[in-house]
Amino acid sequence: MTDALTELKQLPDIGGPAQPLLTVRGLTKHFPLKTGFLGRGAGVVQAVDDLNFDVIKGETLGIVGESGCGKSTTSRLVMALMAPTTGEVVFDGQVVGGRELPLKEYRRQVQMVFQDSYASLNPRLTIEESIGFAPEVHGLARKDARARARDLLAAVGLNPDQFARRYPHELSGGQRQRINIARALALRPRLVILDEPVSALDKSVEAQVLNLLQDLKAQFGLTYIFISHDLNVVQYMSDRVLVMYLGRVAEVGSVEAIYAAAAHPYTAALLASRPSMDPDRRRTEPPLVGDPPNPINPPSGCRFHTRCAFAEPVCSATVPLLHPAPAGQQAACLMVVPGSGHSQAPKVAA
Amino acid sequence: MTEPLVHVRDLQVRFVSRDATVHAVNGVSFDLAERESLCILGESGSGKSVTLRALMALNPPRRTKLSGTVRVGGHDIITASERKMADIRGSTVSMIFQEPMTALDPVFTIGRQIAETVMRHEGLSRSAADARALELLELVQIPSAKRRLAAYPHELSGGLRQRAMIAIALSCRPKLLLADEPTTALDATVQIQILLLLRRLQEEMGMGVIFVTHDLGVAGEIADRVAVMYAGKFIEEGPVRDLMRRPLHPYAQGLLGATVHSGLRGERLTTIPGAPPNLERVPQGCAFAPRCAYVEEACLPKVPDFRSPTPGHAARCVRVPQAA
Numbered sequence: 001m002t003d004a005l006t007e008l009k010q011l012p013d014i015g016g017p018a019q020p021l022l023t024v025r026g027l028t029k030h031f032p033l034k035t036g037f038l039g040r041g042a043g044v045v046q047a048v049d050d051l052n053f054d055v056i057k058g059e060t061l062g063i064v065g066e067s068g069c070g071k072s073t074t075s076r077l078v079m080a081l082m083a084p085t086t087g088e089v090v091f092d093g094q095v096v097g098g099r100e101l102p103l104k105e106y107r108r109q110v111q112m113v114f115q116d117s118y119a120s121l122n123p124r125l126t127i128e129e130s131i132g133f134a135p136e137v138h139g140l141a142r143k144d145a146r147a148r149a150r151d152l153l154a155a156v157g158l159n160p161d162q163f164a165r166r167y168p169h170e171l172s173g174g175q176r177q178r179i180n181i182a183r184a185l186a187l188r189p190r191l192v193i194l195d196e197p198v199s200a201l202d203k204s205v206e207a208q209v210l211n212l213l214q215d216l217k218a219q220f221g222l223t224y225i226f227i228s229h230d231l232n233v234v235q236y237m238s239d240r241v242l243v244m245y246l247g248r249v250a251e252v253g254s255v256e257a258i259y260a261a262a263a264h265p266y267t268a269a270l271l272a273s274r275p276s277m278d279p280d281r282r283r284t285e286p287p288l289v290g291d292p293p294n295p296i297n298p299p300s301g302c303r304f305h306t307r308c309a310f311a312e313p314v315c316s317a318t319v320p321l322l323h324p325a326p327a328g329q330q331a332a333c334l335m336v337v338p339g340s341g342h343s344q345a346p347k348v349a350a
Numbered sequence: 001m002t003e004p005l006v007h008v009r010d011l012q013v014r015f016v017s018r019d020a021t022v023h024a025v026n027g028v029s030f031d032l033a034e035r036e037s038l039c040i041l042g043e044s045g046s047g048k049s050v051t052l053r054a055l056m057a058l059n060p061p062r063r064t065k066l067s068g069t070v071r072v073g074g075h076d077i078i079t080a081s082e083r084k085m086a087d088i089r090g091s092t093v094s095m096i097f098q099e100p101m102t103a104l105d106p107v108f109t110i111g112r113q114i115a116e117t118v119m120r121h122e123g124l125s126r127s128a129a130d131a132r133a134l135e136l137l138e139l140v141q142i143p144s145a146k147r148r149l150a151a152y153p154h155e156l157s158g159g160l161r162q163r164a165m166i167a168i169a170l171s172c173r174p175k176l177l178l179a180d181e182p183t184t185a186l187d188a189t190v191q192i193q194i195l196l197l198l199r200r201l202q203e204e205m206g207m208g209v210i211f212v213t214h215d216l217g218v219a220g221e222i223a224d225r226v227a228v229m230y231a232g233k234f235i236e237e238g239p240v241r242d243l244m245r246r247p248l249h250p251y252a253q254g255l256l257g258a259t260v261h262s263g264l265r266g267e268r269l270t271t272i273p274g275a276p277p278n279l280e281r282v283p284q285g286c287a288f289a290p291r292c293a294y295v296e297e298a299c300l301p302k303v304p305d306f307r308s309p310t311p312g313h314a315a316r317c318v319r320v321p322q323a324a
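Residue numbers (full-length UniProt numbering), protein chains in the order written: chain A, 1 to 350; chain B, 1 to 324.
Only chain B is shown next, with the shape it has when bound in the complex (with noise of 0.2 Å):
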């Protein structure tokens, strides 16, 4: 049998300063195909971008303690050395942020941090690279390309500076795009123009893509599985449709029903009360048991295991019942 693009099992991530340890990721196992497209939903705090960032060892090395396994189009990221790393980046993984603005170099032309990247990892020519530098804007649609090379990040706007960024993550071709919320900061219009060019790039480069995300708008346009997490912890998995129409976990069944769509109006918003947990002591049992409307005594020893009821769904609550 072959790897998976990516195969993680039981990866802890816990950051430590004199005064405290935040336990952001508790125990994350999941597989990601090639070509498959994962969202991992949560609200802040979840830990969903550290999980994100330890798939590339973004996470800062001397305050972050990792354990469990990550594998990467065939890399072991955890034991990965720092050089090594740099050659895994750009080639095999590869990372899209929020913000575009700081997530560029104010101080280059569009057109030189993409020659920089292909020259770094591919040795192209400075000739070659500036002509794959074109080809790459023209890839994610920026009209007037050859001008826009010579342009510096402020002098684009939020929608062309988030497409310079997709054409810098993919100056490799890598085999794995991570996307940490990249269309939060834009207006409507620009976002929806943003996530058709992501899936279509996506398609057609047969990348495997990792999303990060609050918005379950953005998760039902993009996704093939939806992850949500909650606590460091994915609390329910499961095929895109089967998540967003039968939710089992009641969590996730609260942040559908918080999420204001068309056909509320009138009606008072269902909820979820409290507050997500303190990560500086790692929750007992279920996490989310404190908030929860249908909290027993089971759910309180320990952390309830994944039950599906049907292939490929599965949430960690003691309610969902487990298809023989």
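The following block holds chain A by itself, in its conformation from the complex (with noise of 0.2 Å):
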């Protein structure tokens, strides 16, 4: 590298406005157990399993589910930061990875955020030289990685001045969370995955960086895969959400819908989980019993027949696949597929 570069752009939009930024296609990710004598045996953790998905350009797509429903391994998967076990992942019209677009080309498009906002920062280098060290990776002169640096700074909301030069250990965790999205848009990327961005910070805080996140969405053009627990957070700040449970896909569609008229009776019982905020109207009865089952041996045919109220033995011997549902979302579930069997399901036109 001879010449560094004075300035990064953001790399050009190559498909246009139709074609999805990121297409994910029988995405599968199996870890295998290493128990079982001799390793044989050994059964695999099912973490994702045939998952498809597109992420629209300028939208802000929301993955929320369960602990082990596989949504940080989504993420993981999405960023190159492991291997899937089959599947690809396509990035503007282009496969990951491929010879279109290498890795190295992929990263500086796409940056994650964090939940450990301390973990993900080196504790060993000054907040102006975690921000441009990434740029100066890719080609930046230092000094102008440092500019970049405190330029973000500003744009996150903390005087550069005052927080250029110190560790992550002397900030507040609100403070470290700025940081790190101040780090990953360093490479003006097009997608910023989020991975529970806001969780570890208190309610007011909380506020201030969903605000933040807002506003540089707009400013700098960017696509969110935003992931999370809280659907009330998930709410806010979506277009379209993606609902997983155990590894799948169990409705995806606009933020509406789903809210409105969850299809699925896995997102039904999520959504009436929430605490409702109103001392008059509390809950009397939980949605749901029991915990998510183990993904290593996962319930047959559709995952949810274990705790689902409206299952029929024809659940636990079929796969359902997504399906078109009534307010337009897609869902997983035998009760949106006419002639699937299920009781509930529409009845097919003679």
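Since the hints were made in silico from the structure, they are not lab data.
Treat each hint with caution, since some may be false.
Facing chain B, according to a computed beta carbon distance under 8 Å, are these residues of chain A, among others [unchecked claim]:
| id | residue |
| --- | --- |
| 1 | GLU66 |
| 2 | ASN211 |
| 3 | ALA269 |
Per the computed footprint, the stretches of chain A lying under chain B, defined by three or more beta-carbons under 8 Å from a beta-carbon of chain B, are [stated by the list, open to error]:
| id | stretch |
| --- | --- |
| 4 | 226-240 |
| 5 | 278-286 |
Listing some non-contacts, in silico: residues in chain A with all C-beta distances to chain B over 12 Å [claimed, not checked]:
| id | residue |
| --- | --- |
| 6 | GLY87 |
| 7 | LEU103 |
| 8 | ARG165 |
| 9 | LEU222 |
| 10 | GLY341 |
Note that the structure is a prediction, hence the values are computed from the model and not measured.
Cβ atoms here follow ideal geometry from the backbone N, Cα and C, with glycine treated the same way.
Fit the two chains together into the complex; they arrive one by one in their own frames, and the hints show the way.
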């Protein structure tokens, strides 16, 4: 690298607005277990199983689900931080890791913010070194990388003169999360994956960071994948929502359709599990009993059938595929598939 | 007049180390009646967990300086010896924590841990204690309880572990249950199950409950009364309906406004600027004044007293009217 760049520019849009920014096709990740005699007979954790979804340019796609549903594995697969068992990720029409889009180029365009703001910063680098690190790796001169870091600090609402030379341990959780956001933006990415970015923050700080994320999205023309277990936060942030259960998509669609007319019983239960915020309308019955099952030996057929109030024998035999539901979303439930054999399924037109 | 279950007056807790003294709790006073549930709401560092631990004398003894009055079920907690405390804990007051994995002992089975508690406090024989353990697991709705008695904590899911911890806490039928963010680490569908379980157990066993949380939704589900804590003080206290619908103190208003709930889509969230004060020094006036949009002269010289516009609902703010 002889000529150091003086500025990093956001890479141009290739396929136009109609082409999804990110397409995930048949993405599967199984983790083999190393127990069992000589490694034989050991099971696999089916962390993510045959995942398909698109992320449209300029939108925020929310991903919700409980622990073990595969939402974090999904984010790591999309970031190419681990290799999928099968399946591929296509970014703006180009296969990630292929000849057109090598990983280094791809990672310039996709960045990530993690939940643990402290663990994701190098404790021995100052804030401006941390933020300027990636631009330097991608060919920016050190001086320009530092200047970029200071611009970004201002953009995330931290005074550069006050914070640039500090170390991560000198900052509060909210400030550190702002640093992580600034660092994610340092390469001018087009897609930012936010993996539980506000879960570890206090409520008043959470609101500040959510406002900031909305501002930055407009300012830098970003697309977000927003992963959270907090349904209220996902509703506030997202245009479309993807609900995951035990490694599969349960339901996907616009935030209006899903929150107003959930088609999958799991989505409905998840929404009904939110504390009511109204002391006069307290919940009386839990919508679901028990914990999510173990992803090592997930239930057969529909993985939700063991906890579902509408389960019928057909549910344990047939794997439901995503199918259009009345409010315009898609749901993987036999009750929305005509002729599926479930008693509540719509009748097939004669 | 009979004494309330919990009687706290001007509780102060300081943590002293060589480098600094942290004033974690700066004059907390409240009463809790039997069968009542109080929710202490606050952000990290507000002193809510320290207050809770003071009710059970669980703060580290050497570094903690306590003053004020703390009486639980007629016992004076501040002056009680460690030996006396060991008797009070379990039978009078008991506590559940956020992380069941760290609160349970990993090398003993669930059944053994429950049996140990009842043998120590109620002097039951081993077989009677085992029978009691089974009863308790059924009480907290652990499926196939008999088999789960022989399980180690790591063999249980998060929700079951939390239920096992509740079973241990209830094993000696305490009059007061303290809960320190017991549902924060749980998934949404499990959290609501645990909240409903705690509410049912409280009614059935007639316990008083003090619940510490940062989640308004949790308070709305479980509390009779809510106290909002800031910088080591209660700054507002009132019945849950009044507090959630008409918060008086600007901090409580900010906290409610900053909580994301449905119906806010497309609107900007209200935030509280700045950060809580450093508690190495006790704030002179109202501790929230530096972040408050309505700050005035009267806020600064001394901490505002509680002012109560309606019975039972009061806040430490000079702007709140005092009912005659």
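Results for each hint:
Because the closest C-beta pair between GLU66 (chain A) and chain B is about 4 Å apart, less than 8 Å, the hint holds. Residue-level restraint check for ASN211 (chain A) holds (minimum Cβ-Cβ distance to chain B is 5 Å; threshold 8 Å). Because the smallest distance between the Cβ of ALA269 (chain A) and any Cβ of chain B comes to about 6 Å, under 8 Å, the interface hint for this residue holds. Requiring three or more residues with a Cβ within less than 8 Å of a Cβ of chain B, the coverage given for the stretch 226-240 of chain A holds, as 7 such residues are present.
Check result for the stretch 278-286 of chain A against chain B: holds, 8 residues qualifying (beta carbon to beta carbon below 8 Å, three or more required). No beta-carbon of chain B comes within 12 Å of the beta-carbon of GLY87 (chain A); the shortest separation is about 26 Å. With a cut of 12 Å on Cβ distances, LEU103 (chain A) stays outside the contact zone with chain B, its closest approach being about 33 Å. With a cut of 12 Å on Cβ distances, ARG165 (chain A) stays outside the contact zone with chain B, its closest approach being about 20 Å.
Under the 12 Å C-beta cut-off, the non-interface status given to LEU222 (chain A) relative to chain B holds; the minimum distance is some 18 Å. Non-interface call for GLY341 (chain A) relative to chain B: holds, since the shortest CB-CB distance, roughly 27 Å, exceeds 12 Å.
Checked against the numbered hints listed earlier, the structure breaks none of them; every hint is satisfied.
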